[in-house]
Amino acid sequence: MTTPHSACLHESGGFPDRKLLALLMADGRQSYAALGQQVELSTAATKRRVDRMRKEGVIRGFGADVNPAALGWSIEAFVEIYCNGQVPPKQMKEFAHAIPEVHDAYTITGEADGLLVVRCTDAAHLERVLGRIRDQHDVLRTRTAIVLSHL
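Residue numbering for the sequence shown follows full-length UniProt numbering, starting at 1 and increasing by one per position.
Honestly, the hints are just simulated from the structure, not real lab data.
Since the structure is predicted, the reported quantities are computational estimates derived from the model, not experimental observations.
Glycine is no exception: its CB is placed at the ideal position from the N, C-alpha and C atoms.
Mixed in with the good hints, there may be bad ones.
Claimed, not checked - Below are the BS3-like pairs computed for lysine-lysine, each with C-alpha atoms no more than 27 Å apart in a straight line:
1. 93 - 47
2. 93 - 55
3. 47 - 19
4. 55 - 90
To be verified - Across the chosen pairs, the derived CB separations fall in these ranges:
5. 148 - 45: 43 to 53 Å
6. 31 - 111: 20 to 30 Å
7. 109 - 51: 16 to 26 Å
8. 33 - 72: 33 to 43 Å
All chains, please: the whole structure from these sequences, using the hints.
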């Protein structure tokens with residue numbers, strides 16, 4: 001979402017906001033007081049800036065970065081989707097959200113129409129998920145690359 005405030009993050013006047021964002025991306029659990037000290041703002045001013053960036057959609061949320069293997073997801077794969085004709089992004093989003101193993105979904109340029117990031121417990125589970133993806137209306141074929149390691 002582009003807002004007047006988010007657009008100004010790219011201007012020189014947006015330095016405190018850019019610095020706050022970098023600090024929050026590195027450690028989203030820092031207190032407003034600790035953040036404020038690092039950007040030379042009061043605790044209250046820091047909180048107002050963070051609240052405004054959350055309201056405007058610049059900050060979309062806070063969460064834990066959990067190792068998928070700790071949750072039993074031992075296989076991660078990128079699945080390119082090739083569709084029959086032009087499929088609206090809204091329709092692709094709906095079917096991606098209907099499959100719980102889909103972690104992320106994108107529309108992309110190039111030959112493929114979409115890219116899904118899926119997480120599964122094992123190869124048999126991945127095969128079942130690929131079958132459900134291929135069964136979606138307008139999906140002609142898929143191409144899958146299994147992740148070997150994160151760099």
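Checked hints:
1. 93 - 47: violated (33 Å)
2. 93 - 55: Status holds; Cα separation ~24 Å.
3. 47 - 19: Measuring from Cα to Cα gives roughly 14 Å; hence the hint holds.
4. 55 - 90: Holds - the C-alpha atoms of residue 90 and residue 55 are around 24 Å apart, at most 27 Å.
5. 148 - 45: 43 to 53 Å: holds (46 Å)
6. 31 - 111: 20 to 30 Å: violated (48 Å)
7. 109 - 51: 16 to 26 Å: Violated, since residue 109 and residue 51 (Cβ atoms, about 36 Å apart) do not stay within the stated range.
8. 33 - 72: 33 to 43 Å: holds (38 Å)
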